[in-house]
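Build the full structure now, drawing on both the sequences and the hints.
Each chain, letter by letter, is given below.
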Amino acid sequence: MTRDEEQLFCDYAAEQISEADFRRLHTLLERDPQLRIAFLEYMNTCAFLEDAASYSEELLHHSTESEPDSNSRDPSLAKLLKFPTWAIAAAAAVVLAVGTWTLGPSAQPDSITTRVIASHNVSAAPGSQVFTVGEELQLHAIALESGLVRLEIPRGVMFDIFGPAKGYFENETRFHLESGRVNVDVGPRGKGFTIVTANAEIVDLGTRFGVDVDQNADAKVAVFSGEVEVHSGGGPSDLRLLTEGEGVHVDSGGKSSRLMSIIMPDEADTGQPQLNQSSRFEIRDNLTSQDNLRYYGIINGGMRAGAKVYTTHPSVRWRGSSQEPFPDEIVGADLIQTFNNDRNNERLSIDISVHTDSTLFVIFDDRYAPPAWLQDNFIDTGKTVLSGPWKPVAIVHDILPDSQGNFYVTYRIWKTQLDAHQTIALGESIDPEFRDNLRAMYGIALKPSPPAETESIAILQP
Amino acid sequence: MPSSESINSKSHEDFLRLFTASESTLRAYIRRLVPSQNDASEISQNTTIVLWQKFGVFVKKHPNYNSADQTKEDIQLHFKRWAMVVARYEVLSWRRDKFRDRHVFSEDLIKKLATDSQENGSTLENQLLALESCLEKIPAERRSLVLEAYSARNKPQEIAKRQGGTLNGFYQWLHRIRLTLLKCVKQTLEAQARS
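So the sequences go chain by chain: A and B. Note that the working numbering gives residue 102 to position 102 of the first sequence, counting from 1, and the numbers run on in steps of one. Note that the working numbering gives residue 28 to position 28 of the second sequence, counting from 1, and the numbers run on in steps of one.
Think of the hints as simulated: they come from the structure by calculation, not from any bench. Built from N, CA and C at the ideal position, the CB exists for glycine as well. Treat the hints loosely; a few may be bogus.
Stated by the list, open to error - Simulated restraints on C-beta separations: (1) ARG162(B) / ILE424(A): 48 to 54 Å; (2) SER18(A) / SER195(B): 42 to 48 Å; (3) ILE49(B) / ARG284(A): 24 to 30 Å; (4) ALA20(A) / ASN38(B): 21 to 27 Å.
Next up, the structure:
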């Protein structure tokens, strides 16, 4: 398809095409079967976007539940604590390393004007800045021993830094992170804001993202919405474009690789973010590739009605049904957010290794017969939950909408007991023999087993 | 309302189930043949009414459609094909009323596009599925603006003005988004084919 033909498509779709151009388009389409296919594909995007827009409107109109607005940039501390996603997502974040990346001109760090939006349990390094909420500060270096500070910096960029952390502003659009974790929401005017580390530069293309540099100088970058560019290693081939739900680990040599999982904030947690809480298990899959840099989102203790099911699809949440409340057995389990797109991958294999005795739950779409790997290794609890609301997409093609026009998928909860240090492999979601049986991707949750009962009664006897 | 050809409440439920499964595909099929969202909506509504009125004919042609012998996929496929035939007639009927309007394709070209659309139905349907994930990859602010632009309630002129740009510039931006989505769709489907 030529540029000229593309332009004809554009003008036609916009209903802005001139009479002469319409005749030309008409003639071209009559003559050229390949162009007709290209035209149909182009118009397919219009059809899809119109449907998506319509659904999006309906969702706004009909929504009866209060849901955190993932795009909200309300800078208040109350908001920060109520929806720690923004802040703690930083937990998910980050990092940096020391290496060979060329940092460009080595400018002297300069002061920039910032405003303190929030501070929480801050302990600053001796002799360093004091952060008073509402105060305007001229800042170039920051050193936090602990706590969280949220700053508004020029161009409306919201900047969270979590102690222990250390770094400095080179100018209004570049921050050098020497160690620790930052979380950035650049907003509409801050595009291009860059976090510089010893061996990488993370350029924001209009998004929320987190960067974390650990004690080994390894860096982790995670994108929560939008996209960022990650430059590392110094060569053009070391440029990675990350979009929502993707992350990379950059080692001290500048080599980047997929970040397999991150700790996500619990939206229901109104307390202090537990940024350093370690995971009770490890998860990995067999799908890493140049095109697949997605991370599993882990919410410690976060399984409950209203929890987000996938790392994308923010409106799709776990919930109980009108006939059956959300099962107590699974509430409070560690929630693992999977990728809905993996539902069609026949090769999918997810390994989970637990550090302690645990109950592993797989929450599986209940519309079709369960796969052998599930039936062989798991027990049906008899309990069900729903996910939704879904857009009217293919996954819900055989589901009738509820009275409000929303679609919900029913899942059955399966479980198995795992011993400490045991690894189990979960298989595919799709049924290879009945590919048209479209299933939603399954969910995963894990709960440590309660300690075994001991003969404590005897000990308690006088 | 359905004709006497036989609809009962069970058929009503069956119709809803089959129609819901085909609805988005059918709407996209119609949209590819006509110049505007409003035209497509009008034709979609008419098509739905005809499908409901004639559902008895479909049931007669597929008397065992609800039996265990017929898989759900088979019957959905039959229904989808039938619905597309009905939609094609509705588009041509609409076209006869609009033939004096500018920017309406000739009957011949609509037939060619309809045939191409049905012959490539599986690919186009897979593209619709892939578009779902591709749209998610667009940064949230841009995605929100695109959806706003495609909402029937909003006027592109007003959005363009609010964004501080020209209407033409806004249309060009939407065009680039569509091309980006198409590129993403191709990559997604190629990756799926390789895996």
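Evaluated hints:
no. : hint                              : in the structure
1   : ARG162(B) / ILE424(A): 48 to 54 Å : holds (53 Å)
2   : SER18(A) / SER195(B): 42 to 48 Å  : holds (44 Å)
3   : ILE49(B) / ARG284(A): 24 to 30 Å  : violated (53 Å)
4   : ALA20(A) / ASN38(B): 21 to 27 Å   : holds (24 Å)
Checked against the numbered hints given earlier, this structure breaks only hint 3.
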